[in-house]
Amino acid sequence: MRSLVDGTGAMVTGALEGAGRAVRLFAATIVRLPGCWRSLPQILRQIDVCGYGSVLVLALITGLTGMIMAMQTGHELQGFGLVDNLGAIIGATFCREMGPIWAAVIILARVGSAMAAELGTMTVNEEVDALRVMSIDPVRYLVVPRLAALLIAMPLLTAIADAVGLLGGAIATKALFNQPIAVFFDSAWSLLTGLDFWSGLGKSAVFACIIATIACDHGLETRGGAEGVGRAATTTVVDSVVFVLLANLVMTAFIIKVLAPVFG
Amino acid sequence: MRRMATNPSTDRHLPRERVEDWPTDRLEAGVPLAPVPSGKEPLFQVRDLKKSFGPRRILRGIDCDIYRGETFVILGGSGSGKTTLLKHLMGMLTPDYGVLSVGSLDLIRASEADLATYRRRMGVVFQNAALLNSLSVLENVALPLIEVDRRPPGEIHDRVVRALRRVFLPAEEILHLKPADLSGGMRKRVGIARAIIQDPEIIFYDEPTTGLDPVTVNGVNELTLELQASMGVTSVVITHDLDAAYMIADRIAVLYKGRFVAIGTQAEIEANPHPVLRQLLSGSTRGPLTEGYVEDEHRIPPTPKGIRRKTSWADPILADPPADPPTPEAPHGQ
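Heads up: the sequence lines are chains A and E, in that order.
Note that the working numbering numbers the first sequence so that position 5 is 5, with each residue one more than the last.
Counting from 1 along the second sequence, just add 264 to a position and that's the residue number in the working numbering.
Among these hints, one or two may not hold up.
Each pair of labels, with its calculated beta carbon distance range [stated by the list, open to error]:
{"hint": "1", "chain 1": "A", "residue 1": "A226", "chain 2": "E", "residue 2": "T381", "range": "33 to 39 Å"}
{"hint": "2", "chain 1": "E", "residue 1": "R415", "chain 2": "A", "residue 2": "F185", "range": "55 to 61 Å"}
{"hint": "3", "chain 1": "E", "residue 1": "P306", "chain 2": "A", "residue 2": "G9", "range": "46 to 52 Å"}
{"hint": "4", "chain 1": "A", "residue 1": "G14", "chain 2": "E", "residue 2": "R320", "range": "15 to 21 Å"}
{"hint": "5", "chain 1": "E", "residue 1": "S342", "chain 2": "A", "residue 2": "V242", "range": "47 to 53 Å"}
{"hint": "6", "chain 1": "E", "residue 1": "S342", "chain 2": "A", "residue 2": "A19", "range": "33 to 39 Å"}
{"hint": "7", "chain 1": "E", "residue 1": "D445", "chain 2": "A", "residue 2": "L64", "range": "56 to 62 Å"}
{"hint": "8", "chain 1": "E", "residue 1": "L369", "chain 2": "A", "residue 2": "A226", "range": "36 to 42 Å"}
Which bits of chain A does chain E cover? Going by a derived footprint, with three or more residues having C-beta under 8 Å, they are [unchecked claim]:
{"hint": "9", "stretch": "115 to 126"}
{"hint": "10", "stretch": "133 to 139"}
Hints in this document: simulated from the structure, not taken from any laboratory.
Backbone N, C-alpha and C define an ideal beta-carbon position, used for all residues, glycine too.
Only chain A is shown next, with the shape it has when bound in the complex:
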């Protein structure tokens, strides 16, 4: 019984300690962000890694998701003669939720884990120590370019996800319910507002901060050689999923309760 209490206590303490460390790292990164132009080559390299490399897989997944949503929802709506509303439903779902969430999932699985593994390997190989002894700030040199790259790439990927998801839905609606693509998009535009689009992009920027901070924190705190690097990559994915969904819940409530009455 005592060991259970001790174990739980240690787990909670460890989690709080990790959260505090990540918040400190995020604050240190944000402070250094205005000077990130000095790291432009590294930012471009990171954008290439995380943005360009993720476009195809993201397009494939969101396109398929749009099609599946059209099939499932259209099948139900057909009974009520409401297939004309498919564009509005799929458009709202993608711009508000599916676009930013899919972009976040692809980035955290594909890029977040790789970021943690790369920084973890650098940590265990003493490359981060080497930077410190050369008076090169690891946060400025390693973390800022990654966060800046994700802040640029994630909203772009989200916009692509929105567009491809809608297109997938439109194609499936045309193929299965013989509804013209123009009707699908008219339906979407009739419901969607600027808030839907911009709130999705705003969410993706927050997700970018969460993923970059967790990945860099786990990477820079890696201990224990190859096993530690593997652990850093895995925990990055798990922690990022949890915090992305938690942040999404909070932001969705904020958008519905606070922003929608004003801008909606």
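Given chain A's structure and the hints, the job is docking chain E onto it.
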């Protein structure tokens, strides 16, 4: 009064006192600080330095002076606290207790700005070179010039080429290669080139010859001596390699369980009866360094006098097998 070793055929050059004759407090006692010789100026002053990580006491009272311009080699077994001590000297760790200064700078109370200034006076050669794999050789060596000194590209290129040539590397051929394209010895030399690119006053070497072939080991040692002679730097070297220590050291310090149990020149170290040193010199697995590591029946006997076994402290069990004892047919052993 020292007693003769019990088995002259195998323990001939071991101390006359046996390990059992050294009580723990005497075995682990730190050496008293020696007076500074005339003509020497202490650069580093370390007094009663202590550091713990949680319940583990890593440094238990380090006392030493490191003189300006000397090569000070730190020997010690795995877990003895060598790297922790080196990180303190580099200003990367703060001790729990003690005094640590370099010149007039108190490293414990120094501000970040003072530490940054201090770090620009030093170069560090890491065990695995610690080159950034995503950068080319040119970018790796130039890193402090680009990121810290902000020198113009033309000057950076010239200085990198000069530094690479200084460590006997074909600069033009390897400038644009990635570290993964280089051999272990070349990577180590590139690491040394990066350490000297800012013309440091102090160079720290963290096990510079570990994992290298004997020819490259000699090359790295000669390079250390050459840099010492040409740049007049103060060098602090951590190594497991006794031959390397003898080759490059002005003084050798032996770290055991978080304290220096011996500091001196090669002759002083060889004459010291401390069991840790005896074990180091003989390459035996009998002794305080391997206490509890090896079952008695698997222990390697000490090497006969005159044959010094090359020993790796990293894993005493993997040390070379013992030489056969001399016989009338083979007077020098097999």
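Against the structure, the hints:
The hint said 33 to 39 Å for the Cβ distance between A:A226 and E:T381, and at roughly 37 Å that hint holds. For the pair E:R415 and A:F185, the supplied restraint of 55 to 61 Å holds, since their beta-carbon distance comes to about 56 Å. Between E:P306 and A:G9 the C-beta distance comes to about 47 Å, which sits within the given range of 46 to 52 Å. For the pair A:G14 and E:R320, the beta carbons lie near 19 Å from each other, so the given range of 15 to 21 Å is met.
Here the CB-CB span from E:S342 to A:V242 is close to 38 Å, at odds with the stated 47 to 53 Å. A beta carbon spacing of about 34 Å between E:S342 and A:A19 agrees with the range 33 to 39 Å that was offered as a hint. About 41 Å separates the C-beta atoms of E:D445 and A:L64, a value inconsistent with the hinted range of 56 to 62 Å. Between E:L369 and A:A226 the Cβ separation comes to about 38 Å, which falls inside the hinted range of 36 to 42 Å.
By the rule of at least three residues with a Cβ nearer than 8 Å to a Cβ of chain E, the coverage given for the stretch 115 to 126 of chain A holds, with 3 such residues. Remark: the stretch 133 to 139 of chain A is confirmed as covered by chain E, as 4 of its residues place a Cβ nearer than 8 Å to a Cβ of that chain, reaching the required three.
Against the hints set out earlier in the document, violations occur for numbers 5 and 7.
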